[in-house]
Amino acid sequence: MRYPFFAVLFLAAAAGLAQPARPAPPPAVNGCIECHTVLDDPRITPPAKLFADDVHAKAGFTCVFCHGGDARQESQEDAHDPKKGFIGKPRPQQIPQLCGKCHSDPALMKQYDPSQRVDQLSEYQTSGHGKALARGDQTVAQCASCHGAHGIQPVKDSRSPVSPTKVAQTCNHCHGDAALMAAHKLPSDPYAKWSRSVHYRARVERADLSAPTCNSCHGNHGAAPPQVGSVTNVCGTCHVTFADQFKLSPHWEAFKELGLPGCVTCHENHEIVKPSEAFLAEGDQGKCSSCHEAGSPGARAAAAMRTDLVGLDGEIQQASRLVDRATEAGMEVSKVRFDLVAASNALTKARSQIHLFRPSAVHEAVAEGLKVARKAAAGGQARLKERDFRQRGLFVSLGLILLTIVALVVKIRERGPGPEEPGDPGNRREPS
Amino acid sequence: MSGAKRSSSSVPEPSAAGESRLRAWARDRLGWDDLAHMAEKKRVPVHRYTLFYYLGGMALFLFLVQVATGILLLLYYRPSSAEAFESVQYVMADVPFGWLIRSIHSWGANLFVGVVFAHLISVFFLKAYRAPREMTWVSGGVLLFLALGFGFSGYLLPWNTLAFFATKVGTDVPAQIPGIGHLLSRILRGGSDVTGATLSRFYGIHVAILPAITTLILGAHLLLVQRHGMSVPRSVEGKTRRTISFVPDFLMRDMVGWLAAVGLLAALAAFFPWELGVKADPFAPAPAGIRPEWYFLWMFQGLKYLPSKIAGIPGETLGVFFFGALAAAVVAVPWLDRRGKRGIAVAAIVILALAAVLTVLALLPVPSAGPK
Numbered sequence: 043m044r045y046p047f048f049a050v051l052f053l054a055a056a057a058g059l060a061q062p063a064r065p066a067p068p069p070a071v072n073g074c075i076e077c078h079t080v081l082d083d084p085r086i087t088p089p090a091k092l093f094a095d096d097v098h099a100k101a102g103f104t105c106v107f108c109h110g111g112d113a114r115q116e117s118q119e120d121a122h123d124p125k126k127g128f129i130g131k132p133r134p135q136q137i138p139q140l141c142g143k144c145h146s147d148p149a150l151m152k153q154y155d156p157s158q159r160v161d162q163l164s165e166y167q168t169s170g171h172g173k174a175l176a177r178g179d180q181t182v183a184q185c186a187s188c189h190g191a192h193g194i195q196p197v198k199d200s201r202s203p204v205s206p207t208k209v210a211q212t213c214n215h216c217h218g219d220a221a222l223m224a225a226h227k228l229p230s231d232p233y234a235k236w237s238r239s240v241h242y243r244a245r246v247e248r249a250d251l252s253a254p255t256c257n258s259c260h261g262n263h264g265a266a267p268p269q270v271g272s273v274t275n276v277c278g279t280c281h282v283t284f285a286d287q288f289k290l291s292p293h294w295e296a297f298k299e300l301g302l303p304g305c306v307t308c309h310e311n312h313e314i315v316k317p318s319e320a321f322l323a324e325g326d327q328g329k330c331s332s333c334h335e336a337g338s339p340g341a342r343a344a345a346a347m348r349t350d351l352v353g354l355d356g357e358i359q360q361a362s363r364l365v366d367r368a369t370e371a372g373m374e375v376s377k378v379r380f381d382l383v384a385a386s387n388a389l390t391k392a393r394s395q396i397h398l399f400r401p402s403a404v405h406e407a408v409a410e411g412l413k414v415a416r417k418a419a420a421g422g423q424a425r426l427k428e429r430d431f432r433q434r435g436l437f438v439s440l441g442l443i444l445l446t447i448v449a450l451v452v453k454i455r456e457r458g459p460g461p462e463e464p465g466d467p468g469n470r471r472e473p474s
Numbered sequence: 036m037s038g039a040k041r042s043s044s045s046v047p048e049p050s051a052a053g054e055s056r057l058r059a060w061a062r063d064r065l066g067w068d069d070l071a072h073m074a075e076k077k078r079v080p081v082h083r084y085t086l087f088y089y090l091g092g093m094a095l096f097l098f099l100v101q102v103a104t105g106i107l108l109l110l111y112y113r114p115s116s117a118e119a120f121e122s123v124q125y126v127m128a129d130v131p132f133g134w135l136i137r138s139i140h141s142w143g144a145n146l147f148v149g150v151v152f153a154h155l156i157s158v159f160f161l162k163a164y165r166a167p168r169e170m171t172w173v174s175g176g177v178l179l180f181l182a183l184g185f186g187f188s189g190y191l192l193p194w195n196t197l198a199f200f201a202t203k204v205g206t207d208v209p210a211q212i213p214g215i216g217h218l219l220s221r222i223l224r225g226g227s228d229v230t231g232a233t234l235s236r237f238y239g240i241h242v243a244i245l246p247a248i249t250t251l252i253l254g255a256h257l258l259l260v261q262r263h264g265m266s267v268p269r270s271v272e273g274k275t276r277r278t279i280s281f282v283p284d285f286l287m288r289d290m291v292g293w294l295a296a297v298g299l300l301a302a303l304a305a306f307f308p309w310e311l312g313v314k315a316d317p318f319a320p321a322p323a324g325i326r327p328e329w330y331f332l333w334m335f336q337g338l339k340y341l342p343s344k345i346a347g348i349p350g351e352t353l354g355v356f357f358f359g360a361l362a363a364a365v366v367a368v369p370w371l372d373r374r375g376k377r378g379i380a381v382a383a384i385v386i387l388a389l390a391a392v393l394t395v396l397a398l399l400p401v402p403s404a405g406p407k
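Quick note, the sequences are listed as chains G and E, same order.
In this text, residue positions in the first sequence follow the working numbering: the first is 43, and each later residue adds one.
In this text, residue positions in the second sequence follow the working numbering: the first is 36, and each later residue adds one.
For the record, the hints were derived by calculation from the structure and aren't laboratory data.
Yeah, the Cβ is synthetic: ideal placement off N, Cα and C, and Gly gets one too.
Take these hints with a grain of salt, some might be off.
What the hints assert, rightly or not - Facing chain G, according to a computed beta carbon distance under 8 Å, are these residues of chain E, among others:
| # | residue |
| --- | --- |
| 1 | 64 |
| 2 | 68 |
| 3 | 81 |
| 4 | 83 |
| 5 | 124 |
| 6 | 128 |
| 7 | 130 |
| 8 | 131 |
| 9 | 273 |
| 10 | 279 |
| 11 | 287 |
| 12 | 294 |
| 13 | 301 |
| 14 | 307 |
| 15 | 311 |
As the list claims (entries may be wrong) - Not close to chain E: a few residues of chain G, all C-beta gaps over 10 Å, as computed:
| # | residue |
| --- | --- |
| 16 | 187 |
| 17 | 299 |
| 18 | 374 |
| 19 | 439 |
What the hints assert, rightly or not - 25 Å max Cα-Cα, derived PhoX-like pairs, lysine-lysine:
| # | chain 1 | residue 1 | chain 2 | residue 2 |
| --- | --- | --- | --- | --- |
| 20 | G | 235 | G | 126 |
| 21 | E | 203 | G | 453 |
| 22 | G | 391 | G | 329 |
| 23 | G | 235 | G | 91 |
| 24 | G | 91 | G | 152 |
| 25 | G | 377 | E | 77 |
| 26 | G | 453 | E | 77 |
| 27 | E | 344 | E | 203 |
| 28 | G | 427 | G | 391 |
| 29 | G | 417 | E | 203 |
| 30 | G | 91 | G | 208 |
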């Protein structure tokens with residue numbers, strides 16, 4: 043959810059659930075806080091204190107908007123009068139509607155954030171959570187489960203449990219609970235698996251917020267697993283080229299016929315590791331061999347693509363080692379490094395061509411890469427030869443310099459230590 | 036003695052008739068024999084400190100190496116922020132022996148500053164600035180500052196990241212002077228920040244302004260050395276000693292050192308070509324480990340250790356004043372030295388030791404900020 047739901051709670055409670063949706067203007071007095079903060083009751087005091095920092099409180103909304111009652115009354119009975127719409131703590135089933143009273147109202151939301159979406163409630167009703175809640179399952183997530191009930195912060199605030207860096211842990215709060223997930227016949231390891239994925243490394247270790255977290259693939263308010271047929275579209279929102287190539291490949295129709303979930307078939311869903319040429323080989327890591335028997339056309343195509351890619355990768359590494367050696371020797375290698383980068387880019391392109399599952403497409407991209415990789419290797423080799431030439435030249439020069447120095451020293455010795463002056467008999471040398 | 040008289044008295048041998056005509060031509064027109072006579076007459080005292088005499092000649096030789104290699108680099112260097120880095124890259128990668136010329140220029144610059152420092156220190160401790168050589172010392176001191184100016188201005192010219200940010204730090208230093216500091220900094224930079232304008236300015240300073248001034252001061256320094264001859268340390272003053280002729284005896288010994296220096300520079304260039312680094316990006320954050328050339332490190336490190344305020348005055352301002360006062364004191368050494376007192380020598384040893392310690396501290400690796 044991108045905007046706190048609980049504004050709705052307060053608005054709806056103030057107006058009474060049976061009243062029209064549009065909330066009344068906030069009352070000037072919030073007597074609830076005055077009592078609840080001094081009662082020192084662990085059930086009701088912390089929420090009252092938290093509310094002071096809530097985004098809704100800052101916008102002028104008070105407790106009665108969600109909980110109902112009359113904040114102007116001094117006695118508990120009058121303030122908590124059900125006739126004045128007091129509902130106390132809303133039940134889970136009430137909460138989405140309560141939030142939706144405001145958050146589904148475009149006219150109201152426009153007053154606070156014109157760019158705010160107002161379809162959270164309808165999305166929620168299509169989600170796995172919303173459907174289960176509608177069936178009476180109170181253990182599933184509703185608005186407050188993810189956004190909190192009091193002290194709600196905007197999503198962009200890092201303190202919010204659904205801020206981009208925290209949303210995965212928030213999901214894991216339930217989806218990592220083995221007992222709860224077992225009751226719902228769901229795995230409890232998606233977070234553990236995701237934390238071993240390339241997406242986790244990008245997002246958490248490299249702080250790249252464009253890398254996907256739970257809601258990037260599952261949606262947030264309409265959270266549900268992507269259906270088999272839509273997996274490629276979901277991955278394709280970021281991996282556009284791969285998805286386009288895959289749809290042009292013979293696997294696109296075949297996977298649909300077999301009911302295979304597109305990208306996930308080879309790359310897994312949560313534990314998406316860095317792909318490698320081993321995917322194309324037979325063995326534990328091999329992906330193709332799980333469907334294509336050894337010797338079949340599919341297996342031969344996989345082997346051909348792997349041979350090409352491994353060959354290019356090997357040549358790039360060999361060129362890279364040469365360039366590194368030249369760099370260590372202090373040679374200027376910026377142009378050669380430029381070629382190495384071009385070769386690496388060609389390898390990336392060739393790897394992406396795998397998704398066409400046509401060996402000729404991979405071979406073509408590999409051929410381009412080989413050309414620049416060999417150019418880089420030749421550049422590295424030339425720099426190393428140049429280093430050898432310099433060192434040979436240096437030794438020749440040093441030899442000449444040394445000879446000249448020896449000749450000078452001989453001449454200096456021939457000329458002797460200079461004329462002696464009277465009274466300085468030491469150091470007398472016979473003329474040579 | 037008139038030129039005509041010498042001409043008639045030094046008739047060449049018949050076997051060298053060709054050479055003698057040339058010599059006669061040069062003698063009559065250029066006064067060559069006067070120079071040759073002066074060189075033959077010049078004597079250099081030999082004693083246990085004679086070795087230090089060679090430092091002056093070595094500094095002069097390395098300066099000439101810098102001039103020669105600098106002129107060659109000028110043929111390819113382009114002084115603009117868009118092309119400077121690429122032109123040096125071209126020199127290093129594509130120009131035949133460009134790597135050698137640039138590496139010798141860069142290593143030679145460091146060796147030159149080191150030798151000038153050594154020359155100054157040896158002259159100081161041998162008290163060669165004694166009357167009547169005060170102005171020789173003063174001109175030498177100014178030449179040291181000019182050498183540092185060459186180093187500072189030349190450091191920026193390849194327009195790489197390290198030089199760019201080090202120059203930013205370096206050109207910030209004058210801004211600490213109250214009143215005129217910011218103006219000085221702006222004049223140095225050619226604006227409020229280090230930009231292509233700074234590069235053009237430093238280029239002009241490096242290849243025109245400093246060489247012109249240096250030529251004048253160096254000429255005066257050499258004339259004064261010639262005028263007063265070699266100073267003899269007090270400890271050997273008055274004792275009988277040998278002397279050798281400047282030409283060829285001293286010159287041949289000098290040449291041994293120069294050849295060794297050439298060999299050293301060539302070896303450094305071949306085994307450790309001077310790095311070019313990464314092109315400066317004014318919009319990139321400053322990289323870790325920015326530091327100036329080694330001869331400025333002690334000042335750089337010293338300024339770091341100063342507290343932000345000392346008696347209500349900014350620490351860096353006091354630091355800059357201290358360095359300024361030190362420079363003035365270096366020039367004024369002949370008048371600060373009181374005969375029979377060792378105060379100035381002790382002060383110099385303390386400052387040199389402090390500078391050495393600060394330099395070592397600056398060279399130590401910076402501990403990375405890890406989790407606490």
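Practice problem: May I ask which of the numbered hints given earlier this structure violates, with the numbers listed in increasing order? | Solution: Those not satisfied are hints 1, 2, 4, 7, 8, 9, 18, 19, 20, 21, 23, 24, 25, 28 and 29.
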